[in-house]
Amino acid sequence: MTSFFQYVFTGLSAGSLYMLVALGIVLIYRSTRVLNFAHGDIATVATFVAFSALSHKYSFLAAFGASLAVGAAVGVAFYLSVLARAQREGANLLGMVILTLGLALIIQGVVIWYWGADPVSLPFPISDTRTYTVGGVVISQLSLASLGAGILGSLLLYLLVQKTRLGLAMRATSENLMAAQTLGIPTRLVLSVSWGAASALGVVAGIFLAPALLLDPFFMLDPFLKGFAAAVLGGLNSLPGAVVGALVLGVAESLTGGYLAIHFKNTLAFGIIIVVLLVRPEGLLGKEFKERV
Amino acid sequence: MAGLLEVGDLSLAFGGIKAIEGVSLSVLESETLAVIGPNGSGKTSLFNCITGIYRPTSGAIAFHGASLLGHTPDEIARAGVARTFQNLRLFHNMTVLDNLMVGRHLHFAKNLAAAALRLRAEEIRHRSRCEEIIEFLNLEPVRKSRAGDCPYGVQKRVELGRALATEPRLLLLDEPVSGLTQEEKEEFGYWVHEIRGRFRITVLFVEHDLRFASRLADRMVALDHGVKIAEGTPAEVQRHPEVVKAYVGN
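Protein sequence lines correspond, in order, to chains A and B. Using our numbering, you'd call the opening residue of the first sequence number 1 and step up by one each time. Using our numbering, you'd call the opening residue of the second sequence number 1 and step up by one each time.
Please keep in mind that the hints were generated in silico from the structure rather than gathered at the bench. Source: prediction; values computed, not measured. The beta carbon of each residue, even a glycine, is placed where N, CA and C say it ideally should be. It is possible that part of the hints are untrue.
Unchecked claim - Below 25 Å or equal to it, Euclidean Cα-Cα: the simulated BS3-like pairs (lysine-lysine) are:
| no. | chain 1 | residue 1 | chain 2 | residue 2 |
| --- | --- | --- | --- | --- |
| 1 | B | K185 | B | K18 |
| 2 | A | K287 | B | K245 |
| 3 | A | K287 | A | K163 |
| 4 | A | K163 | B | K144 |
Stated by the list, open to error - Which chain A residues stay away from chain B? Per the calculated CB distances, all over 12 Å, these:
| no. | residue |
| --- | --- |
| 5 | S3 |
| 6 | Y7 |
| 7 | A62 |
| 8 | A86 |
| 9 | M96 |
| 10 | L101 |
| 11 | V120 |
| 12 | L159 |
| 13 | Q181 |
| 14 | F218 |
| 15 | L277 |
Said to hold, decoys possible - Just some of the chain B residues that point at chain A, by a computed CB distance under 8 Å:
| no. | residue |
| --- | --- |
| 16 | R55 |
| 17 | T57 |
| 18 | D74 |
| 19 | A77 |
| 20 | R78 |
| 21 | N93 |
| 22 | M94 |
| 23 | L97 |
| 24 | V102 |
| 25 | H105 |
| 26 | R162 |
Turn these sequences into a full structure, and let the hints guide you.
Structure (structure tokens):
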């Protein structure tokens with residue numbers, strides 16, 4: 001029984017980081033209908049920025065702030081200078097998705113060129129070897145902090161989207177762009193905020209994942225795919241769906257690793273994608289956007 | 001004298017298809033002008049040009065003396081032009097009240113400093129404006145309902161209310177009574193009439209239903225195949241031979 005709780009806790013902690021990735025993917029998908037394949041890579045480059053800042057003896061907080069700013073800036077700049085322009089020129093959705101894939105490759109190139117391809121470790125103030133034991137369940141500081149970061153990040157996003165004026169404009173824009181525009185909402189500005197916020201969420205995930213993994217140019221690939229699976233599971237256009245999907249995926253993965261075989265831990269995410277797409281393509285909490293024609 | 005909205009020699013083509021050809025019209029301050037015409041006569045295209053969704057091929061559109069050409073839809077909305085859509089474009093997953101609050105968005109932006117300093121008072125002012133519209137359009141029973149769950153007739157009212165919430169100077173209504181029952185049409189006619197009296201808003205509306213249009217409008221403009229075929233009082237336009245031909249055929 002103790003090991004069951006251990007697996008559940010580990011799963012929730014991993015799931016909360018998938019959640020941050022998934023929320024970013026969903027935020028962008030539901031506002032621009034674009035699946036952002038560069039989501040993980042934006043987080044990668046921003047995490048490397050934190051690494052550089054820490055190597056130059058800046059405080060952890062300053063490094064964290066800088067990497068959030070860089071991540072958000074890359075997202076906003078890409079949206080404004082590439083995607084919005086492509087859209088204006090009449091690019092279709094597939095074309096725009098390919099553009100994000102292009103951004104991913106560009107960022108990978110930049111990271112390898114500037115930081116090299118060798119894995120480095122991110123000096124992190126929170127340890128994953130210092131642990132607490134609660135009722136037999138071993139809880140590391142890092143996993144606790146990851147859980148906290150996931151909860152805090154999604155709470156802030158919830159407040160932004162549901163409780164602020166900007167959030168109202170974001171919801172209006174994602175639900176009906178043309179109607180939002182004719183009501184005076186500067187939709188391009190609102191969408192660039194969505195890109196910035198989504199990228200920043202991914203960066204938080206990156207920073208908290210880096211200490212457990214090693215930092216290399218592709219370290220976010222796996223978490224990105226997991227976040228993507230979680231988003232599909234929950235429903236690609238539902239923010240609450242991303243939360244549920246990520247936590248379910250995290251726990252399921254951990255239980256699979258614990259009780260079945262560790263080898264299938266990563267297989268599970270894609271098994272889930274296949275089953276969801278066959279059984280309930282709109283995801284657990286997703287709703288199809290319907291338009292009266 | 002120059003009207004509130006001046007459309008001059010406007011043309012719009014999609015590839016080789018001409019949607020609008022050299023249409024000129026002016027909407028005078030505080031009048032209600034109807035644009036009528038059969039399906040595919042270019043009425044909605046005209047609205048889409050005015051609100052910046054389409055870029056006209058040639059011609060001029062001026063609102064209050066300033067050109068609207070080359071401006072984005074949100075800039076045009078901020079200048080004081082609001083509209084409804086023929087196929088409703090509500091925010092289905094929001095409540096009726098939130099739909100109206102989105103309409104208030106542009107006034108939030110304008111009073112950003114005031115909003116920051118006295119958040120509460122600002123919020124209350126916007127709420128009370130929305131309440132006024134809710135009361136006016138009889139939306140009280142559905143204010144907290146999801147817009148997408150409301151019956152069609154109510155959704156039409158919500159969209160009208162949302163446009164009113166922006167406090168426009170010019171309101172464009174695209175086929176406001178299409179798909180409504182006779183009773184609902186009567187009600188809607190009353191509201192459109194009242195909008196002018198109570199909110200002092202100039203109304204330009206597009207309508208397929210000739211009878212409804214002639215009852216509400218001060219003046220009418222008739223389009224057919226993107227060309228203006230008649231203009232004048234409802235009685236004149238209704239009897240105009242070109243209009244009869246367009247509606248009834250030869």
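These are the hints, each one checked on the structure:
1. B/K185 <-> B/K18: violated, 32 Å
2. A/K287 <-> B/K245: violated, 47 Å
3. A/K287 <-> A/K163: holds, 22 Å
4. A/K163 <-> B/K144: holds, 16 Å
5. S3: Per Cβ check, A/S3 is outside 12 Å of chain B; nearest 42 Å; holds.
6. Y7: Answer for A/Y7: holds, closest chain B Cβ roughly 36 Å.
7. A62: Label holds. Min Cβ-Cβ 28 Å, cutoff 12 Å.
8. A86: holds, 17 Å
9. M96: holds, 20 Å
10. L101: holds, 29 Å
11. V120: holds, 43 Å
12. L159: holds, 15 Å
13. Q181: violated, 4 Å
14. F218: Its Cβ never comes within 12 Å of chain B, the nearest being 37 Å, so this holds.
15. L277: Per Cβ check, A/L277 is outside 12 Å of chain B; nearest 23 Å; holds.
16. R55: Since chain A brings no Cβ nearer than about 11 Å to B/R55, farther than 8 Å, the hint is violated.
17. T57: violated, 17 Å
18. D74: holds, 5 Å
19. A77: holds, 4 Å
20. R78: Since the shortest Cβ distance to chain A is 5 Å, the answer is holds.
21. N93: holds, 6 Å
22. M94: holds, 7 Å
23. L97: violated, 11 Å
24. V102: holds, 5 Å
25. H105: holds, 6 Å
26. R162: Check passed: Cβ of B/R162 comes within 7 Å of chain A, closer than 8 Å.
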